[in-house]
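J.: Each chain, written out:
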Amino acid sequence: MEFRVAIRDALAEELERDERVVVFGEDVAAAGGVFVTTPGLLERFGPDRVFDTPISELALAGAAFGSAVCGLRPVIEIMFGDFLPLVMDSLVNQASKYWYISNEQASVPLVVRSAVGAGGRFGAIHSQSPVTWFHAVPGLKLVAPSTPADAKALLKAAVRDDNPVLFLEHKRLYSMKEDVGGGRSEAGELGSAAVRRDGSDVTLVSVMKGVHDCLAAAELLAEDGIDAEVIDLRTLRPLDRAAIAESLAKTNRLAAVEEGPRTGGWAGEVLAVAAEESLDDVDDLWRITTPEHPIPYSPSLEDAFLPGAEAIAESVRARLGFAVTARD
Amino acid sequence: MSRTQASKASEAAPDREEALELYRRMLLIRRFEDTVQDLFLKGEVHGTTHLYSGQEAVAVGVCSVLGEHDRVAGTYRGHGHALALGVEAQGLLDELLGRATGVCGGRAGSMNVIDLEHRLIGCFGIVGGSIAAATGAALALKREGGVAVAFFGDGAINQGYFHECLNFARVFRLPAVYVCENNLYGEFTPYEQVTAGEIRARAETLDIPSQTIDGNDVWGVQTAAREAVQRARAGEGPCFIEALTYRFVGHSRSDPGRYRKPGELDSWRERDPLIRARDAIGDTEEVDQAVEAQIAQMIENALAAPFPSPDPNAREYKDG
Ligand SMILES: Cc1ncc(C[n+]2csc(CCOP(=O)(O)OP(=O)(O)O)c2C)c(N)n1
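Taken in order, these protein sequences are the chains called G and P. The first sequence begins at 1 in this note's numbering and counts up by one. The second sequence begins at 1 in this note's numbering and counts up by one.
No lab work stands behind these hints, which were simulated from the structure alone. Note that the coordinates shown come from a computational prediction; the quantities given were computed from them, not determined experimentally. Mixed in with the good hints, there may be bad ones.
As the list claims (entries may be wrong) - If you want the footprint, here are the derived chain P segments under chain G, 3+ residues with CB under 8 Å:
hint : segment
1    : 45-55
2    : 107-121
3    : 151-164
Ideal Cβ positions, reconstructed from N, Cα and C, are used throughout, including at glycine.
Next up, chain P with everything else stripped away, as it sits in the complex (with noise of 0.2 Å):
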């Protein structure tokens, strides 16, 4: 598939139910990152932030197939990752503001989220951190049939942790399914600057099925992952998918993407997965209005929470 064609949503006539539940978490995600940059330029959200605009329908369409035993390890961009899971949104702004409230109490921050109850392993600022978390997750899983996911960039391909552990995980024909966001850069850097050969050929010589989709159709998406998650859970080893994306926003808080092509970001922006979706759908107001309701009341109870209070004894903290 060429990368500038636009291709359509696909064909799979999607349930109304259930996909105006993926419009929702589509919208929530990218409302919720619209926020985090609002809350940054006013100083409320701290150092850096990495934001999905874009390529929320990779996240919601590959979570939209995982069960209750299965685990997923996100990236440094990982409020798509962790909401795509269910993980609370309040939770999640409450961390990203530092609060007492937030899913980790305010110790991890934007980059290392973990909420195991809604089966995020784990935000990984190490670039292919992801893959390694969950390559173990799945050794782990095979047990119960469960799944791991790893999400990453096309940045994390020239990492050794991508090879070593996609051998790892074939060899052993682990339940994981390795999803590459291709969003054509990593940082500043266009992927195919410094990425020899096609990203899916390097699963291919690790005798891992591959297949490269469209990253922004959100039903396309959800299709090829299901598959990639039954052949896991039926013991057939790991999968792995190349979702072509975009971001619409820098790679961090002071990226204003000027390394972008002219023309570029418009052309991806008529492949919105959202509004994508919203077409295909028709009438979503009642889920936009429930959107943007959830939203102001969390940046709310946000701005009010507390500040966690240093623990006295912390300079005498003793491991675990």
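In isolation and in its complexed conformation, chain G is listed as follows (with noise of 0.2 Å):
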């Protein structure tokens, strides 16, 4: 199944399972959505459930904030991650302080959904991941996939989930494939992160595509002996501190794996968290993410701003001691 219909089956499996979900974005119902993540769900289930809304994000995060208080369970879909900014006074100061400060009168199930990555030549206004921007608001959960079967099932359980989620969809997976069984898939459960690949040298520690980049470089590292743990974290916020401990425990070594600026960036945060929680444990903790500056758009300047399979390959082999391959 590609990433893109597993989106769709949450959604359309959610939208059957409760009729207080509604399904609404720029484009999402009769176009199907620009990234044809949600076509047919119109058909499916009617224009008071699925619908096209005006280019108006603020109109849009705020109509799922009110309805989320008010009895539906909105999933809307932010076309770019990059328009987040467009949403952020609803989602951050009203949506996610909601259920804390009214002393739990009421909860807000919303989950906005939103393409994000780099990679596909978009430029600097298309290409962000805003993980950072939001990762310091209590109250907001965020989820950040790595596979169809995680999709399908994260999805699913951010719909259920009782307080705002921020789903994020990597641009770059969202053709990939995987076999994930026929029929109804459970939903899956927020804050727990999985172990990609076993290892005993080191550990490398991301999310989305950044999982993929990290297995690739894993198999390359292998090739010099090196034997690396990769930890897909799944979900950002919770995060799965006892993941990080128990890897490190095996390795005594991480390298966190960002998709963006190094500055306040969540990488940051579990390397906080490895240092508080298993300094006995750490011999080495760095940081892999992409330069500060904006992200390009010429192939050649986003190629080697992203930190690849490659990159993060000479990385390890460099805080390793291992000699650094020369690359052009």
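Taking the hints as your guide, dock the two standalone chains into a single complex.
T.: Take a look at the structure:
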């Protein structure tokens, strides 16, 4: 199953299961979404449950918040993660705080889905990964799956979650295929990481496309006799602190691989957790991120900008004291 | 004015040299966009790209009345806005191909072109972003008698930016001209389906003088723009223009435009701004040939230009 189909199936199953669920956004209904994640939902569930909105992110998010407080379970699509600053107020100042400051009078069961990530030559304002902008907001969960099966299970979990979830879909993963098995799937669990590859020398931690880069890097490292463990965090908030600690206990070295600038990034949070909770197990901790400048458009610049498998492997070799192979 | 009624090119008899120049710019945009499409299909233009074909008269008409101190903010559909301002077509094409010789060195790409030398403060990838930028530009330009123009689509008027910035501009009497290019669709969705009321009425409630014009008539656009710019320059505050037009192509590279009503495209093709200008001018052969030659040479140059080499120090890059 393709990643984009997994998203659609999750939405369809949740729309079917619970009639309070509604799906809306720009071009999601009649057109089926610019990333082709939602075709067919309008036909199946009708325009009261699945509808196109004006290009008004502020209204979209505001409506999602208000309707969630009053009994609906909206799932909205913000086409590109880069447009999320336009929904920031509703999401951050209203939705994420409501459950707590209302003394738990009403929860706010809303999901914001958004396509993120670079590598598609979309330029600086259609390629960003917005995790960091939202990471410091108590009350907001952040989900960032790397596989179709997880996308489906975690989106279902997000829809069933009683408070706001920001659900990120990496553009480079939409066409990724995986055997998910037939029929309905269970909802996943937010806040639990997965070990994607067992290893004993170094832990590579990432999310979304970064997980696949880490797995590819691990294969390269294996040729040099370095055995890397790869952890897929799957959700960035809540963070699976135990998974980080367990892996560090085995490997003693950890690199957090983030598609985003280093300053203030989530990778720093992972390192902080490792230092706080596993200091006795730590020989080395570091981050592999993008440079501190906006995402460039030109293929030559964008490729060099992103931390791909080669760059990850090279960084690990350098940190572990292996001779660095020449790269052009 | 009815949206389905074809109107004749305006009667304002243009000076032939000037008329040819307007026509040349429109043709350059059309051919440029055909070229971009071609190069896209060949994999030379990357990512996505939003073409301006069909809307040429709006940008060309408006930009033709701007002076040295004026500034323009365009959209992600900004190649037309850039070329209408005189941005070098070669530099623009190079930028779209990600080459080092592009107007932004390959850093910006199709959606984000900036060329201050040619008065383009930017093309904005966020719907409504151009409105904000131009409003701020007007705030600065007020001092030197300059005017700022924002181009944006019908979809953008539903953004908070539209309401908040137009109010701001009116309150401070900023020299801003807001040009809404109503091409009937925001991406794949017909604007009537997602827009309440008349577009122009929104500006009118803010006490901003507004008009709806035929956006496929370059001389009509020019006349309306001249009036608006003069007003703004005279310190009388912002104006709003709704230009009715149509894009002949899909929204972006992967859009075949299936949402169009049957016959709609054909009926707009009959009002092609280029053909209307050519009909009004008569013989345009010389210009046609010159543009063809320019485009052919440009493609050759662009494909031969080098890609930017990544800066080895980029990881240590510090802000500005
Ligand atoms: C804030 C924001 N939301 C959504 C988009 C995606 N998007 C790009 S163009 C577009 C349609 C805009 O339509 P309109 O304003 O009518 O301009 P047109 O493309 O027709 O020129 C949309 C929704 C965006 N770029 N920015």
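J.: Of the numbered hints stated previously, which ones are contradicted by the structure, given in increasing order?
T.: Those not satisfied: there are none.
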